[in-house]
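**Q** Sequence:
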Amino acid sequence: MNEILRYLLLSTLIWGILVLAYPMISRAGSLDQRRWYLIASLLAGALVPLVHWASPDLPAIVVTIPEVSALATGQPDPNRIAWSWTDLVLSLFLAGVLLRSGSFTISMIHLTRLCRQGTRVTYLNTPVYLLPFPVVPFHGLGQLYFPSHLMDDPMAFQMAFRHEQAHQQLGHGIDLALANLLRILFWYQPLIPLIIRELRLVHEFQADKTVIHQIERDTYARFISSFRSTQLLHPTIHSLDQSPLKQRIMQMYTSPTTWKLPHITILLALVSIVLGSTAFKGFTWTQHAGHAPLAMLDSIPPSDQLPGSEDESFSVVEVMPRFPGCEDQGLTGVELDRCAQRKMLEYVYTHLKYPEDAIKNEVEGTSIASFVVEKNGAISNIKIVRDIGGGTGEETARVLRQMQEDGIRWIPGEQGGQTVRVEFKLPIKFKLTDPDPGTRKKKKR
Numbered sequence: 052m053n054e055i056l057r058y059l060l061l062s063t064l065i066w067g068i069l070v071l072a073y074p075m076i077s078r079a080g081s082l083d084q085r086r087w088y089l090i091a092s093l094l095a096g097a098l099v100p101l102v103h104w105a106s107p108d109l110p111a112i113v114v115t116i117p118e119v120s121a122l123a124t125g126q127p128d129p130n131r132i133a134w135s136w137t138d139l140v141l142s143l144f145l146a147g148v149l150l151r152s153g154s155f156t157i158s159m160i161h162l163t164r165l166c167r168q169g170t171r172v173t174y175l176n177t178p179v180y181l182l183p184f185p186v187v188p189f190h191g192l193g194q195l196y197f198p199s200h201l202m203d204d205p206m207a208f209q210m211a212f213r214h215e216q217a218h219q220q221l222g223h224g225i226d227l228a229l230a231n232l233l234r235i236l237f238w239y240q241p242l243i244p245l246i247i248r249e250l251r252l253v254h255e256f257q258a259d260k261t262v263i264h265q266i267e268r269d270t271y272a273r274f275i276s277s278f279r280s281t282q283l284l285h286p287t288i289h290s291l292d293q294s295p296l297k298q299r300i301m302q303m304y305t306s307p308t309t310w311k312l313p314h315i316t317i318l319l320a321l322v323s324i325v326l327g328s329t330a331f332k333g334f335t336w337t338q339h340a341g342h343a344p345l346a347m348l349d350s351i352p353p354s355d356q357l358p359g360s361e362d363e364s365f366s367v368v369e370v371m372p373r374f375p376g377c378e379d380q381g382l383t384g385v386e387l388d389r390c391a392q393r394k395m396l397e398y399v400y401t402h403l404k405y406p407e408d409a410i411k412n413e414v415e416g417t418s419i420a421s422f423v424v425e426k427n428g429a430i431s432n433i434k435i436v437r438d439i440g441g442g443t444g445e446e447t448a449r450v451l452r453q454m455q456e457d458g459i460r461w462i463p464g465e466q467g468g469q470t471v472r473v474e475f476k477l478p479i480k481f482k483l484t485d486p487d488p489g490t491r492k493k494k495k496r
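Residue numbering for the sequence shown follows our numbering, starting at 52 and increasing by one per position.
Some hints could be false.
Mimicking DSS-like on lysine-lysine, the simulated pairs with C-alpha atoms at most 27 Å apart in a straight line are [as the list claims (entries may be wrong)]: (1) K394 to K411; (2) K394 to K426; (3) K394 to K482; (4) K434 to K404; (5) K394 to K434; (6) K482 to K411; (7) K404 to K394.
Ranges between beta-carbon positions, derived for each pair [as the list claims (entries may be wrong)]: (8) E456 to L143: 41 to 51 Å; (9) D138 to L64: 17 to 27 Å; (10) S154 to R452: 49 to 59 Å; (11) E378 to S142: 48 to 58 Å; (12) R268 to R248: 19 to 29 Å; (13) R268 to P241: 35 to 45 Å; (14) G468 to A228: 54 to 64 Å; (15) L64 to L175: 26 to 36 Å.
It should be emphasised that the hints constitute simulated quantities derived from the structure, not laboratory data. Please read all numbers here as calculations on a predicted model, not as lab measurements. Glycine included, every Cβ here is placed at the ideal spot set by N, Cα and C.
Put together the whole structure using the sequences plus the hints.
**A** Given below as structure tokens:
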């Protein structure tokens, strides 16, 4: 459940930041830059939260014990379906996707039926379709559509054709296909329609810009002002009258910016979000009601802190602190670090207990505690960074406090030849083992 909430919050944060930054991009950037910024924004919010960055740091611990039944007597009802919060959230998400997909499919069927009424003709070596009913010109389903009566005015038809052809040649239909896919998947996200609205507007600006390079600007402005009704609204098409008319005319009379927004400005916004999306995902150790082999799976990303005052703690230094116990084994370099890491994990493995409340309530997931290795090797500043409940956070912190009480002194870290304070984050993954996996569903957090 925590992973779902993390994804929802992080994707919302990313889209929110990018939407707030867009006015700056809009004022300083070219139309092409604005278009690609909006497309990148849509993709960033959907994909960046899925990325887990890994670099060497403390391993996580998985404590696995046999399932403890909450029932004192009786047999479990085989017909009873156990629903967790994860199941409910997933069901709600799928229901929304199905509803949005159904609505989109119905509108596509309606649009297809309308387009089939068109008569194909060739105009300037390009196939176009003439519709026998009043409608504004539009580009959709990969083709260009116009009301048949517009052929009576060759100049008007030429301007409409140039506009819709620009949408086709610039690949705007691909943008809308991607946008609508994300709108279906993220039906609950109110920021996506805002991004899509701005993307459509940029599409219209680009198409208008193409037209006024070939046709007198005042003539074209009067032409698009005449389309104020009988518009065909659909999420996959570009209609000549689908965007704010005043903004489009103002854009046509606006001189291009004298400088282009550096691409690095856009990249910095995306990079800052990527760095902020770092997720904990550590080495995994497993305990099965007693003793069990330990297995390293992956690693946890450190936070990036820069050198500062004497009291400031580091996360990455030249010589990282080591848990004691390996100094007399004649090891050096990587082997010494691995030995110290194993000693530390064995200590935690020995002292950690699965809280009774967590067992009773079937709480699973990862609790994270942070601590600082001082210059003298002692640990301090123990804090619970992530608590999944059921006493798991308190148990994680208790093991670290036990390290203090036992008087264990780490080999301190060094930076520039001097000992420094170093901050660590210790993730511990709590997991229940069910002797019969088919008897229940676990509550993951």
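**Q** So, for every hint listed, does it hold in this structure?
**A** Verification of the supplied hints:
1. K394 to K411: violated (31 Å)
2. K394 to K426: Satisfied, since the Cα-Cα distance of roughly 20 Å is no more than 27 Å.
3. K394 to K482: The given pair, whose Cα atoms are some 22 Å apart, holds under the 27 Å limit.
4. K434 to K404: holds (18 Å)
5. K394 to K434: Given pair K394, K434 holds - Cα atoms ~22 Å apart, limit 27 Å.
6. K482 to K411: holds (13 Å)
7. K404 to K394: With Cα atoms ~18 Å apart, K404 and K394 stay inside 27 Å; holds.
8. E456 to L143: 41 to 51 Å: holds (46 Å)
9. D138 to L64: 17 to 27 Å: About 26 Å separates the Cβ atoms of D138 and L64, which means 17 to 27 Å holds.
10. S154 to R452: 49 to 59 Å: holds (55 Å)
11. E378 to S142: 48 to 58 Å: holds (55 Å)
12. R268 to R248: 19 to 29 Å: holds (25 Å)
13. R268 to P241: 35 to 45 Å: This hint holds: roughly 36 Å between Cβ atoms.
14. G468 to A228: 54 to 64 Å: Holds, at about 58 Å.
15. L64 to L175: 26 to 36 Å: At roughly 48 Å between Cβ atoms, L175 and L64 fall outside 26 to 36 Å, so the hint is violated.
When each numbered hint is compared with the structure, violations occur for hints 1, 15.
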